Amino acid sequence: MWSYVIKRVFGAVPTVFSVITLCFIMLQLAPGGPFDGEKKIAPEVLANLEAKYHLNEPLHVQFGYYLNNLLHGDLGASFRYADWSVNQLVAQALPKSAAIGGTALLIAIVLGISLGVIAALRQNSIADYFVMFLGNFGHAVPSFVTGPILILFFALWMKVVPAGGWSYDDPNWSIVQFALLPVALLTIVNVATLGRVMRGSLIEVMNSNFIRTAKAKGLPMRVIIVRHALRPALLPVVTLLGPMAVSAIAQAVVTESIFSIPGLGRLLVTGAVNRDYTLVLGLVVLVAVFTVVFNLIVDIVYAMLDPRIRY
Amino acid sequence: MKKSISFSVVAASVAIAFGASGAAFAAKVPAGVKLDPKQELVRSNGSEPESLDISQIETTTANNIARDLFEGLTAVENTGKIVPGVATSWKQKDATTWIFNLRKDAKWSNGDPVTADDFVYSWRRTVDPKTATKYGLFHEFIANGKDIMSGKKQPAELGIKALDKNTLEIKTEIPVAFLPDMLANSTMAPLHKASFEKFGKDFTKPGNLVSNGAYVLKDWIPNSRIVLEKNAKYWDAKNTVITKVTFDPTESEDAALKMYKAGQVDMTLRIPAGTFQALKAEMPKELSALRNIALYYYGLNNKDPVLKDKRVRQALSMVIDRDILTQKLLGEGQVPAYSLMVQGTAGADVTPYEWAKWPMEKRVAEAKKLLAAAGVTSATPLKLMYNTSESHKRVGLFISSEWKTKLGLSASMENQEFKVFLKTRHSGQYQVARNGWNADYNDATTFLDLVRCDSDQNDQQYCNKKVDELMAQGNQQTDQAKRKALMTQASKLAMDDYPLIPLYQYVQARTVKPYVGGYYTTNSFDRFRTSDFYIIKK
Numbered sequence: 001m002w003s004y005v006i007k008r009v010f011g012a013v014p015t016v017f018s019v020i021t022l023c024f025i026m027l028q029l030a031p032g033g034p035f036d037g038e039k040k041i042a043p044e045v046l047a048n049l050e051a052k053y054h055l056n057e058p059l060h061v062q063f064g065y066y067l068n069n070l071l072h073g074d075l076g077a078s079f080r081y082a083d084w085s086v087n088q089l090v091a092q093a094l095p096k097s098a099a100i101g102g103t104a105l106l107i108a109i110v111l112g113i114s115l116g117v118i119a120a121l122r123q124n125s126i127a128d129y130f131v132m133f134l135g136n137f138g139h140a141v142p143s144f145v146t147g148p149i150l151i152l153f154f155a156l157w158m159k160v161v162p163a164g165g166w167s168y169d170d171p172n173w174s175i176v177q178f179a180l181l182p183v184a185l186l187t188i189v190n191v192a193t194l195g196r197v198m199r200g201s202l203i204e205v206m207n208s209n210f211i212r213t214a215k216a217k218g219l220p221m222r223v224i225i226v227r228h229a230l231r232p233a234l235l236p237v238v239t240l241l242g243p244m245a246v247s248a249i250a251q252a253v254v255t256e257s258i259f260s261i262p263g264l265g266r267l268l269v270t271g272a273v274n275r276d277y278t279l280v281l282g283l284v285v286l287v288a289v290f291t292v293v294f295n296l297i298v299d300i301v302y303a304m305l306d307p308r309i310r311y
Numbered sequence: 001m002k003k004s005i006s007f008s009v010v011a012a013s014v015a016i017a018f019g020a021s022g023a024a025f026a027a028k029v030p031a032g033v034k035l036d037p038k039q040e041l042v043r044s045n046g047s048e049p050e051s052l053d054i055s056q057i058e059t060t061t062a063n064n065i066a067r068d069l070f071e072g073l074t075a076v077e078n079t080g081k082i083v084p085g086v087a088t089s090w091k092q093k094d095a096t097t098w099i100f101n102l103r104k105d106a107k108w109s110n111g112d113p114v115t116a117d118d119f120v121y122s123w124r125r126t127v128d129p130k131t132a133t134k135y136g137l138f139h140e141f142i143a144n145g146k147d148i149m150s151g152k153k154q155p156a157e158l159g160i161k162a163l164d165k166n167t168l169e170i171k172t173e174i175p176v177a178f179l180p181d182m183l184a185n186s187t188m189a190p191l192h193k194a195s196f197e198k199f200g201k202d203f204t205k206p207g208n209l210v211s212n213g214a215y216v217l218k219d220w221i222p223n224s225r226i227v228l229e230k231n232a233k234y235w236d237a238k239n240t241v242i243t244k245v246t247f248d249p250t251e252s253e254d255a256a257l258k259m260y261k262a263g264q265v266d267m268t269l270r271i272p273a274g275t276f277q278a279l280k281a282e283m284p285k286e287l288s289a290l291r292n293i294a295l296y297y298y299g300l301n302n303k304d305p306v307l308k309d310k311r312v313r314q315a316l317s318m319v320i321d322r323d324i325l326t327q328k329l330l331g332e333g334q335v336p337a338y339s340l341m342v343q344g345t346a347g348a349d350v351t352p353y354e355w356a357k358w359p360m361e362k363r364v365a366e367a368k369k370l371l372a373a374a375g376v377t378s379a380t381p382l383k384l385m386y387n388t389s390e391s392h393k394r395v396g397l398f399i400s401s402e403w404k405t406k407l408g409l410s411a412s413m414e415n416q417e418f419k420v421f422l423k424t425r426h427s428g429q430y431q432v433a434r435n436g437w438n439a440d441y442n443d444a445t446t447f448l449d450l451v452r453c454d455s456d457q458n459d460q461q462y463c464n465k466k467v468d469e470l471m472a473q474g475n476q477q478t479d480q481a482k483r484k485a486l487m488t489q490a491s492k493l494a495m496d497d498y499p500l501i502p503l504y505q506y507v508q509a510r511t512v513k514p515y516v517g518g519y520y521t522t523n524s525f526d527r528f529r530t531s532d533f534y535i536i537k538k
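Protein chains in written order, with our numbering: chain A, 1 to 311; chain B, 1 to 538.
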């Protein structure tokens with residue numbers, strides 16, 4: 001299996017490289033540059049700025065600079081935030097996003113799978129309808145609607161949590177209270193997806209031949225589910241978890257904006273709006289690496305769940 | 001409001017010599033007001049500042065923080081009035097030479113004295129091409145600024161000289177009547193050389209930054225908060241009431257308003273579009289609007305085949321009912337605009353169009369005549385562009401419906417993302433485009449730049465040499481009345497060519513908690529300093 005992991009890691013290098021190249025080109029193609037504003041800058045001033053950031057050199061030279069820095073673990077200087085490097089900005093934002101996204105994902109996995117199982121086993125019962133209603137609701141109502149409603153109810157009316165922000169040493173609120181609503185919002189969305197997939201997958205497995213065999217052998221239902229049905233039914237759920245983890249951690253754009261969380265999602269939005277080339281590129285590199293890593297973990301978990309898969 | 005503006009201009013241009021004691025101008029707590037034992041303020045600040053390095057800042061956000069950290073030769077009180085900062089008095093020696101006397105008790109937060117050399121060092125560093133500043137004031141106004149930035153001269157040749165430790169001589173490129181107003185800008189503050197050279201690019205980090213304003217940098221977590229604490233070494237520290245101020249960078253106006261309602265912030269930067277009336281009903285005492293020296297207008301491409309005819313441009317401008325636009329559609333206190341200058345602009349008069357007073361039927365009839373004479377029919381295509389935003393869209397829909405119902409013209413609408421839109425507009429790839437101008441110093445020239453021939457800000461591709469001549473003549477005047485007459489004439493001449501459609505004067509609406517004292521809606525440039533605020537006993 002180790003040789004497989006090593007092969008995958010090396011195989012990811014061209015993928016990540018292509019992503020960076022493509023993103024670099026696309027950013028350059030986007031009209032408007034980092035120094036455009038309502039007040040136009042004089043040509044002399046613009047020339048100084050472009051020289052400072054190497055923007056006056058040909059594209060391939062700029063790309064060379066970028067790759068060279070990247071190899072040294074340096075994501076470059078931010079075009080927008082003069083006092084911070086992209087590394088520093090990411091280092092500040094990543095732990096917050098990981099804490100919120102990670103917690104939400106864990107809760108969503110436990111809840112989503114449990115609800116999916118209940119719904120599958122009690123098909124067309126009240127429990128099933130309830131789970132499906134939750135699932136459809138989570139999907140149909142976007143988080144930019146759910147989020148403000150949560151704030152209105154819990155922060156403004158009940159006053160049990162703050163309306164947004166993130167602070168470890170706030171005199172009025174604990175970090176758990178700051179995290180509560182954003183984690184809840186991210187969880188709702190993911191529970192919906194996971195629950196629906198789990199339900200469908202388990203129903204299909206329960207109708208398959210080997211379960212019928214187990215039933216014929218006279219095994220109790222509990223044993224059939226836990227020992228025989230659950231593992232194969234989890235496969236599609238695990239497939240989902242890779243991209244879901246990436247988006248929960250690095251792309252929680254809406255959630256972080258609504259709750260004013262200083263995470264990666266907000267950096268990505270402001271970076272794109274400001275044409276902060278290096279910041280956006282840095283985050284894309286991060287997302288690409290995350291995607292590769294999480295997909296690799298998913299593949300390894302596959303082998304653990306399904307005896308037919310071996311590397 | 002008008003009163004306070006004119007006062008500030010008088011204060012600036014007459015160059016009154018102020019006494020050494022600053023107490024008369026500082027806080028500010030009215031007699032009888034009981035102060036809260038906890039003097040801490042949280043200000044919603046709209047976004048993460050681009051920098052705290054004064055040579056790199058340009059946005060309102062960064063300036064709000066820098067104004068608390070650094071003090072220039074002059075400063076702006078919360079009423080909007082220009083007051084002495086590090087300088088106690090100044091005088092204009094000749095048309096382009098000014099002398100500033102610095103206070104002897106000004107200190108950096110580490111105890112070092114603030115000297116004339118700190119200003120010289122700071123300014124020279126800012127104009128150095130290597131520093132690559134984005135801010136244009138030095139470039140436009142201080143002697144040799146432009147040549148230094150383009151590498152033709154050395155930074156040492158900049159028009160600033162320390163005559164002695166406490167006296168500065170400043171030379172301007174052209175006569176700049178509003179220099180004291182301009183010097184309140186954070187970019188023109190001094191720099192602490194020793195700490196800057198010691199810490200290099202990390203000199204703005206908490207613990208490293210040495211400042212000379214009323215506050216020092218305590219904590220800075222990007223996208224999360226910036227915390228400043230009272231600077232005990234500040235010369236006017238005894239009159240500084242707020243001991244700690246936190247700047248919250250939440251971008252979403254909705255999120256910021258919710259945090260305000262939840263009591264997490266004490267004042268918002270702005271309110272979400274379309275919420276003014278609801279907030280007025282909900283919290284009438286907390287909602288206020290200050291009039292900005294800023295114009296919302298529609299740019300017309302003067303080289304467009306249809307719009308190059310002045311009669312068409314005039315007709316399009318005449319039929320728009322600014323009263324309905326400002327009162328019914330916007331309703332935040334915006335002022336209808338019929339000229340290039342907005343109310344409160346120094347250095348030129350507001351010269352509204354004659355037809356602004358006419359009844360609408362007469363305006364429409366006249367506009368129809370103009371269009372007919374120009375050969376424009378309902379089949380003539382028109383396209384209106386704006387940058388993506390709900391409020392710009394509402395204004396756009398209103399304008400196009402005015403043209404449709406009153407003139408029978410159909411204008412299609414197109415929106416673009418902001419930076420894409422800027423490119424489109426600057427390159428003249430449009431017919432009619434939304435535009436706005438926020439004066440960065442209080443003088444008529446900032447608005448005249450919108451119609452000056454080769455100005456970077458002139459997206460209309462409009463050019464009238466006579467306007468430029470009048471401006472140039474005005475700029476050479478040292479007699480303020482003569483200058484004003486020439487600038488007014490230039491503005492009127494340009495607007496009679498209808499290069500653009502003025503629509504309204506911006507307002508800045510925000511909510512401020514009733515226990516925050518020291519907030520004034522007369523501050524039309526929205527330059528508030530925390531040292532003038534105080535928390536009333538809750």
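Check before you lean on any hint, since a few could be wrong.
[What the hints assert, rightly or not] Each computed BS3-like pair below joins lysine-lysine, with the alpha-carbon atoms no more than 25 Å apart:
#, chain 1, residue 1, chain 2, residue 2
1, B, K466, A, K40
2, B, K285, B, K513
3, A, K52, B, K484
4, A, K52, B, K193
5, B, K308, A, K40
6, B, K492, B, K482
7, B, K205, A, K40
8, B, K465, A, K40
9, B, K308, B, K369
10, A, K40, B, K146
11, A, K159, B, K513
12, B, K484, B, K466
13, B, K537, A, K159
14, B, K193, A, K39
15, A, K52, B, K146
16, B, K34, B, K513
17, B, K538, A, K159
18, B, K165, B, K205
19, A, K39, B, K146
20, B, K38, A, K159
21, B, K91, B, K104
22, B, K38, A, K39
23, B, K81, B, K423
24, B, K93, A, K52
25, B, K303, A, K40
26, B, K130, A, K52
27, B, K303, B, K285
28, B, K362, B, K492
29, B, K383, A, K40
30, B, K153, B, K130
31, B, K482, B, K466
32, B, K310, B, K406
33, B, K492, A, K39
Please keep in mind that the hints were generated in silico from the structure rather than gathered at the bench.
All values derive from a computational prediction rather than experimental measurement.
Item checked: Violated hints - listed by number, lowest first -> Numbers 3, 7, 14, 18, 22, 23, 24, 27 - these are the hints that the structure violates, sorted from lowest upward.
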